[in-house]
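These protein sequences, in sequence, are chains A and C.
Sequence positions in the first sequence follow our numbering and run 1034 to 1368.
Sequence positions in the second sequence follow our numbering and run 2 to 313.
Note that these hints are calculated values from the structure, not bench results.
For every residue, glycine included, the Cβ atom is placed at its ideal position computed from N, Cα and C.
Hints are supplied without guarantee of correctness; some may be wrong.
Restraint-style ranges between C-beta atoms, simulated for each label pair [stated by the list, open to error]: (1) R218(C) / Q1233(A): 32 to 40 angstroms; (2) L140(C) / R1322(A): 53 to 61 angstroms; (3) L3(C) / L1100(A): 39 to 47 angstroms; (4) A1321(A) / L140(C): 37 to 45 angstroms; (5) G132(C) / P1183(A): 50 to 58 angstroms; (6) E310(C) / M1063(A): 17 to 25 angstroms; (7) Y5(C) / R1075(A): 40 to 48 angstroms; (8) P234(C) / G1315(A): 43 to 51 angstroms; (9) S1297(A) / A129(C): 53 to 61 angstroms; (10) T198(C) / R1341(A): 19 to 27 angstroms.
According to the in silico footprint, chain C covers these stretches of chain A (three or more CB under 8 angstroms from chain C) [unchecked claim]: (11) 1129-1142; (12) 1191-1199; (13) 1289-1297.
Residues on chain A that point at chain C, a partial pick, calculated with CB under 7 angstroms [stated by the list, open to error]: (14) M1098; (15) S1145; (16) L1146; (17) N1147; (18) V1149; (19) I1182.
Here is what each chain is made of, one letter per residue.
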Amino acid sequence: MAGEPTMTKIQSQLLDIADLHVEIPTARGMVKAVDSVTLSVRAGEAVGIVGESGSGKSMLALSIMQLVPRPGRIASGRISLAGRDLLQLSEREMRQVRGNEVGMIFQDPSTSLNPVLRVGRQVAETIEAHHPAADSWQQSVDMLRSVSIPDPQRRVRDYPHQYSGGMRQRVMIAIGMANRPKLLIADEPTTALDVTVQAQIMDLLRSMNAETGTAILLISHNIALVSRFCSRVLVMYAGRIVEEGPTAELFHQPKHPYTRALLSALPRIDRKLPQGLTTIGGRPPDLARLPAGCAFFDRCQDRIETCRTERPPAFSVGPGRSARCWLADEGKPSC
Amino acid sequence: MLSYFCKRLLAGIPTLLISFTLVFFIAHATPGSPWDSSSNRPLEPAVKARLDAKYHLDDPLYVQYVDYLAGALRGDFGPSFRDRTKSVADIVAQFLPVSLKLGGAAMLLAVLLGLPFGALAALSRHPAVDGAIRVISTLGISMPTYVVTSILIVAFGVGLGWVPTFGWKGLFSASSLVPVFSLALAPLAAVIRCFRTSMLEVMNLDFIRTARAKGLRPMTIIVHHMGRNALIPAVTVVGAYTSYILVGSFFVESIAGIPGFGRYFVLAVAARDYPVIIGTTLIYALFVIVINLIVDLSYYLLDPRVRTEHAR
Ligand SMILES: Nc1ncnc2c1ncn2[C@@H]1O[C@H](COP(=O)(O)OP(=O)(O)OP(=O)(O)O)[C@@H](O)[C@H]1O
Ligand SMILES: [Mg+2]
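Could you build the full structure based on these sequences and the hints that come with them?
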């Protein structure tokens, strides 16, 4: 981020996004779904992105794959993967990245699989798209086994509707991991699942991360889930990253009022899996008509006059930590 | 599964019986008699009476019905009244194949052109392409067949002289071009419209996004992921047109001079040729039953969810 201490580790960054803007032209004006986002993920790291519904998490995820749905588009910025600038690639080269170097799993496993193709085919075609694989069918059996589908030899011939919701999400993980990608993007992978199944899916993702060294970018509105899974967390609000830092520090000492609001909206830590972030007062701003100052201004408990008119940059608030809040500017006395 | 389709076939029997009964009574209820129109000279009442007696048309209607049904069950529909040297079976054997060939070729053309054009209309980012295809398909649905046939014959037969204006020399001759195309136009337009709509629906579904995220080639996504799913509703449209097109069109066959089943049926109705009317109607009913069954079978093949339901 702008004010981040420059630990020159560019070499070891797997994913490096700089000043990314994603825009969607609408009748109401230009929706700034992703607004000057800068983030990086190291190889093998598990990074979380949290934020309310509509904060632009999915758009950010899809823009890494260059799959932002029309009429949305990446307006500017840089996305580099292992040192290669993805935005400079041709569509054909980008296809070699999708499903191969970067895997992706989505929120609703019941609609994310093709209903008329066998599960095995859907895994196998992912392999075939990137490797000359005569044994792709056998490999897809192995992938199903690795995501703990019982009796994979037989179930590989089933169709998605013959699987339970949790099993379908396991299949999605098998597809995402089929080519051993460097990065797996998981966009709300457990939101559509039962609580007990959620934990199993997260365990599976964790073991995938540990065994294969695939970095995971976990997107969720469930801050508790992210806190248990990720070593680093980014908080997104109205298309921007408002706070970022190592999980433990960010949770114990949130610097941005939005992060504080998120955390105080949670039930006690020792209770089970809190749902949603619905208890913060007010609504997020219209992304087509963002205010001149801080996007959180209307809902902020701690706002000062500067916040109304001036957009806060990301201030460094400790090693690896930053917050987009005027109150985090340690050069100024905070009230 | 097999038992399901056997059951469906058996369920066709009452349908056939009802069609038989309806067409029998409707045909006999229409005024006029078979002996009216067969000759320019009106027949003597005595001759008519003798003919009626010979063909049992003077029996009470329910007796005729029972007799005729008994014959029909044995496969004997009797002689045609219009051409008494021929049985109904002879007439079907002579006229149906021509219509079947024409209709089969027309349906094949409609599907082979309709699917790619429908897909193109849905996928093209050029509004002009979608617009042009939609204009053509709207015209195809709204123009009556006899107008299409007449225009084509005037343009390509009379004007350009590329095709004969009248007559039939087999499917693989220039004489089949105009009738095949005229027959194909309405189902082609319907297939384009239906497939375009269902492609548009499918292309925004989540699993298409998954397919893209796998890095599949666009053609693979269009054919295997969009096409396979969009085909399911299109099958219904193809089925609905097939039985209707296969038995032949009176207009196309009359205008282009084709000795087909569609034309013969209308002539038989005009002549009160009861056995032929009943026989041809039953053939049509049989087509509808069999083709509906084939449509169901294709659902079964195309959609694994239907398969699981039947397995239960
Ligand atoms: N087709 C579109 N037209 C206009 N605005 C859109 C469109 N698609 C998305 N948006 C806007 O873009 C913003 C970001 O959407 P996005 O789906 O990325 O949010 P999200 O954080 O993933 O939310 P959720 O938790 O509901 O998945 C939203 O405010 C949404 O209103
Ligand atoms: Mg989302």
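Hints, one by one, checked against the model:
The hint said 32 to 40 angstroms for the Cβ distance between R218(C) and Q1233(A), and at roughly 34 angstroms that hint holds. A C-beta distance of roughly 45 angstroms is found between L140(C) and R1322(A), which places it outside the suggested range of 53 to 61 angstroms. One distance hint, 39 to 47 angstroms for the beta-carbon pair L3(C) and L1100(A), holds here, with the actual separation near 44 angstroms. The hinted range of 37 to 45 angstroms is satisfied by A1321(A) and L140(C), whose Cβ atoms lie roughly 41 angstroms apart.
The hinted range of 50 to 58 angstroms is satisfied by G132(C) and P1183(A), whose Cβ atoms lie roughly 52 angstroms apart. Take E310(C) and M1063(A): their Cβ atoms lie about 47 angstroms apart, and the range 17 to 25 angstroms is violated. Distance hint check: the CB atoms of Y5(C) and R1075(A) are about 57 angstroms apart, inconsistent with the given range 40 to 48 angstroms. Between P234(C) and G1315(A) the beta carbon distance is about 45 angstroms. The supplied range of 43 to 51 angstroms therefore holds.
Range check, S1297(A) to A129(C): about 56 angstroms between beta-carbon atoms, so the 53 to 61 angstroms window is met. Between T198(C) and R1341(A) the CB atoms are about 49 angstroms apart, so this pair departs from the stated range of 19 to 27 angstroms. Given as covered by chain C, the stretch 1129-1142 of chain A passes the check, having 9 residues with a CB less than 8 angstroms from a CB of that chain where 3 are the minimum. Judged by the Cβ-Cβ criterion of 8 angstroms, the stretch 1191-1199 of chain A is covered by chain C as claimed, because 3 of its residues qualify and three suffice.
Residues of the stretch 1289-1297 of chain A lying with their CB closer than 8 angstroms to a CB of chain C number 0, which falls below the three-residue condition for coverage. Evaluation of the M1098(A) hint against chain C yields a held restraint, the C-beta minimum of about 6 angstroms falling below 7 angstroms. The closest approach between the C-beta of S1145(A) and any C-beta of chain C is roughly 5 angstroms, which is under the 7 angstroms cut-off, so the hint is satisfied. Taking 7 angstroms as the C-beta cut-off, the interface hint given for L1146(A) holds, the closest approach to chain C being about 6 angstroms.
At about 4 angstroms, the closest approach between the beta carbon of N1147(A) and any beta carbon in chain C falls short of 7 angstroms, and the interface hint on this residue holds. A hinted interface residue such as V1149(A) counts as satisfied when its beta carbon comes closer than 7 angstroms to some beta carbon of chain C; here the least separation is about 5 angstroms, so the hint holds. A cut of 7 angstroms between beta carbons decides the hint on I1182(A): the least distance to chain C is about 17 angstroms, and the hint is violated.
Checked against the numbered hints given earlier, the structure breaks hints 2, 6, 7, 10, 13, 19 and satisfies all the rest.
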